[in-house]
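> Could you slot chain B onto chain A? The hints should help.
Number of protein chains: 2
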Amino acid sequence: MSDTTPAPCAPEDVRRIACIGAGVIGGGWVAHFLARGYDVTAWDPAADAEEKLRRLVAAAWPALEQIGLADGASQDRLTVAPTLAEAVADAQFVQESAPEKLELKRSLLAELDAATPPGVVIASSTSGYPMTDMQTDAATPSRLVVGHPFNPPYLIPLVEVVGGERTGADAVAWSSRFYDVAGKSVITMDRELPGFIANRLQEALWREALHMVANGEASVEDIDASITEGPGLRWAFMGPCLTFALAGGEGGMAHMLDHFGPSLKSPWTRLEAPELDRKLRDAMVDGCEEAAGDRTYADLVAERDQGVIDVLRATGRLGGTAR
Amino acid sequence: MSDTTPAPCAPEDVRRIACIGAGVIGGGWVAHFLARGYDVTAWDPAADAEEKLRRLVAAAWPALEQIGLADGASQDRLTVAPTLAEAVADAQFVQESAPEKLELKRSLLAELDAATPPGVVIASSTSGYPMTDMQTDAATPSRLVVGHPFNPPYLIPLVEVVGGERTGADAVAWSSRFYDVAGKSVITMDRELPGFIANRLQEALWREALHMVANGEASVEDIDASITEGPGLRWAFMGPCLTFALAGGEGGMAHMLDHFGPSLKSPWTRLEAPELDRKLRDAMVDGCEEAAGDRTYADLVAERDQGVIDVLRATGRLGGTAR
Numbered sequence: 040m041s042d043t044t045p046a047p048c049a050p051e052d053v054r055r056i057a058c059i060g061a062g063v064i065g066g067g068w069v070a071h072f073l074a075r076g077y078d079v080t081a082w083d084p085a086a087d088a089e090e091k092l093r094r095l096v097a098a099a100w101p102a103l104e105q106i107g108l109a110d111g112a113s114q115d116r117l118t119v120a121p122t123l124a125e126a127v128a129d130a131q132f133v134q135e136s137a138p139e140k141l142e143l144k145r146s147l148l149a150e151l152d153a154a155t156p157p158g159v160v161i162a163s164s165t166s167g168y169p170m171t172d173m174q175t176d177a178a179t180p181s182r183l184v185v186g187h188p189f190n191p192p193y194l195i196p197l198v199e200v201v202g203g204e205r206t207g208a209d210a211v212a213w214s215s216r217f218y219d220v221a222g223k224s225v226i227t228m229d230r231e232l233p234g235f236i237a238n239r240l241q242e243a244l245w246r247e248a249l250h251m252v253a254n255g256e257a258s259v260e261d262i263d264a265s266i267t268e269g270p271g272l273r274w275a276f277m278g279p280c281l282t283f284a285l286a287g288g289e290g291g292m293a294h295m296l297d298h299f300g301p302s303l304k305s306p307w308t309r310l311e312a313p314e315l316d317r318k319l320r321d322a323m324v325d326g327c328e329e330a331a332g333d334r335t336y337a338d339l340v341a342e343r344d345q346g347v348i349d350v351l352r353a354t355g356r357l358g359g360t361a362r
Numbered sequence: 040m041s042d043t044t045p046a047p048c049a050p051e052d053v054r055r056i057a058c059i060g061a062g063v064i065g066g067g068w069v070a071h072f073l074a075r076g077y078d079v080t081a082w083d084p085a086a087d088a089e090e091k092l093r094r095l096v097a098a099a100w101p102a103l104e105q106i107g108l109a110d111g112a113s114q115d116r117l118t119v120a121p122t123l124a125e126a127v128a129d130a131q132f133v134q135e136s137a138p139e140k141l142e143l144k145r146s147l148l149a150e151l152d153a154a155t156p157p158g159v160v161i162a163s164s165t166s167g168y169p170m171t172d173m174q175t176d177a178a179t180p181s182r183l184v185v186g187h188p189f190n191p192p193y194l195i196p197l198v199e200v201v202g203g204e205r206t207g208a209d210a211v212a213w214s215s216r217f218y219d220v221a222g223k224s225v226i227t228m229d230r231e232l233p234g235f236i237a238n239r240l241q242e243a244l245w246r247e248a249l250h251m252v253a254n255g256e257a258s259v260e261d262i263d264a265s266i267t268e269g270p271g272l273r274w275a276f277m278g279p280c281l282t283f284a285l286a287g288g289e290g291g292m293a294h295m296l297d298h299f300g301p302s303l304k305s306p307w308t309r310l311e312a313p314e315l316d317r318k319l320r321d322a323m324v325d326g327c328e329e330a331a332g333d334r335t336y337a338d339l340v341a342e343r344d345q346g347v348i349d350v351l352r353a354t355g356r357l358g359g360t361a362r
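If you read the protein sequences in the order shown, they are chains A and B.
Numbering-wise, this note's numbering comes out as the position in the first sequence, counting from 1, plus 39.
Numbering-wise, this note's numbering comes out as the position in the second sequence, counting from 1, plus 39.
I should point out that these hints are in silico values taken from the structure, not numbers from a laboratory.
As the structure is a prediction and not an experimental result, all values here were calculated from the model.
A few of these clues could be false.
As the list claims (entries may be wrong) - Straight-line C-alpha distance at most 30 Å; calculated BS3-like pairs for lysine-lysine:
no. : chain 1 : residue 1 : chain 2 : residue 2
1   : A       : K140      : B       : K304
2   : A       : K304      : A       : K318
3   : A       : K91       : A       : K140
4   : A       : K140      : B       : K318
5   : B       : K304      : A       : K304
6   : B       : K140      : A       : K304
7   : B       : K91       : B       : K140
8   : A       : K318      : B       : K140
9   : B       : K318      : B       : K304
Isolated chain A, as found in the complex (with noise of 0.2 Å):
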């Protein structure tokens, strides 16, 4: 790998990136890069942070074997920096992955622009800050973006990215084509919202969950349970709108809403459920009937079938694999 590309360069030309923190997401984003075949090279302040991430990586290296790892990829391209500055000098990309914590965001991404060649984007892997709260101290906010990954980043493949206020518009595209370049499938969000996507999703459902806990209506074990013998075994490959259509036979998500549109005011879970107005009830349907594009409803039933059937081979609860 060339060792001379200017920054700022184009997504597909990127070769080093810089790994701000190196906690359970920092480390798995370095693992990621690394199996692409990136040079990485991290920094964290704790004292023993090398070793805790190496020994991450390492843990990770078979199952990146498994998916098959880039040319060159190797955990010899890690390299971790004694200081923040050294660790930024030379990056093509930097992914800040530090403790939620929003005054510690705001100087930690003031400092790296600072520290970082001009140009250069620098994505934070924040779970939930708006960038537009967390770009206020630094000098360039037009190059930080949010890059949201998910748990292991070196296997789930969804990063979110979305700008704030003072977020330049060729930063959100430049992130959003160099993470589909790195391996990742991307979701661009045209505006901020707390939690973004997928985590608004998943913390509805977890604070149900907390309240089912906190009530005593359901156990730890039993929560777990109702979504891995249950919906989660469709969501692997099928998302609850499209799934929600099917259960709405061969009337679709139509069907669905006007059948089970109603149960929206049952006290099924503590958050108040939106007006079912036509206007919502269209954009769900339309919404729906695009994602199944050319598929018939038999086409998604049987679509849906066998990806229930591989799932639960994949994951060992027919017989017959070796896990």
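Relative to the frame of chain A, chain B by itself:
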């Protein structure tokens, strides 16, 4: 199979099942029970019910053959009865899957109770009505239970079993055992909760999704992708509690709650979070430790990673599969 077994019988001795209502859920139950080798008699008041039902069963059959049929299982074991009374006359178990209308459920369960041989358990597939509210008109409410499946019932293992205030504990225990024998994964609840467990969880997620679409914050496509490319991959085999425990690193759920607990106050969803007091914290920590059992953090991480890889491969996202 014997035609002389008197009802009621032991869960292991059931041979003849009546399925009342033959839509998406009722028809899915028919397919499941046929695949497990039972004789099934179905009844549905719709004029074209038999044709639709036989089409649904035929469409599901290749999937059921893949999973493996029970000895003697055959679509020929399905009889469609002309009346409700004839459908249940000889039944050793009754599964009711009528539309979700409380008045309809009440009168139908009363009618089923009057026509079904004494002692035979009658289970309702209701998505969320408490049995207490549905058993009001029945002469023998003690044998009425909820047995709530997930779509499609012939593939998704989960059944939630719960009784109403007037349901006998023996009917609940009998049902749980019966579903287990019939190849389902059973959660037996010791109290009524509108929406039970899994529906409360997925309904919270669903309501947040509807809010996002209603407010133009996310598209149907983004919502579905945020789950299938993100947390949905984990939830196919590891529930939300244990998954979040791993997000706490080696510190587990305790570290996770102490670290991310403050984000419960963030506006990440429209669902208000419960107070994360010591009691709730400890209940979550203890529950996760119990779920983990002898498995270390490293064991769980390895298990999760292998699970994600297997699910990605099984759903055609790593290449090298037939799909």
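> Each hint: holds or not?
Here's how the hints hold up against the structure:
1. K140/A / K304/B: Within the cut-off at roughly 13 Å; holds.
2. K304/A / K318/A: Cα-Cα ~18 Å, so holds.
3. K91/A / K140/A: holds, 22 Å
4. K140/A / K318/B: Holds - the C-alpha atoms of K318/B and K140/A are around 25 Å apart, at most 30 Å.
5. K304/B / K304/A: holds, 25 Å
6. K140/B / K304/A: holds, 13 Å
7. K91/B / K140/B: holds, 22 Å
8. K318/A / K140/B: Answer holds: K318/A to K140/B is near 25 Å, not above 30 Å.
9. K318/B / K304/B: holds, 18 Å
In summary, the structure agrees with every hint in the numbered list given earlier.
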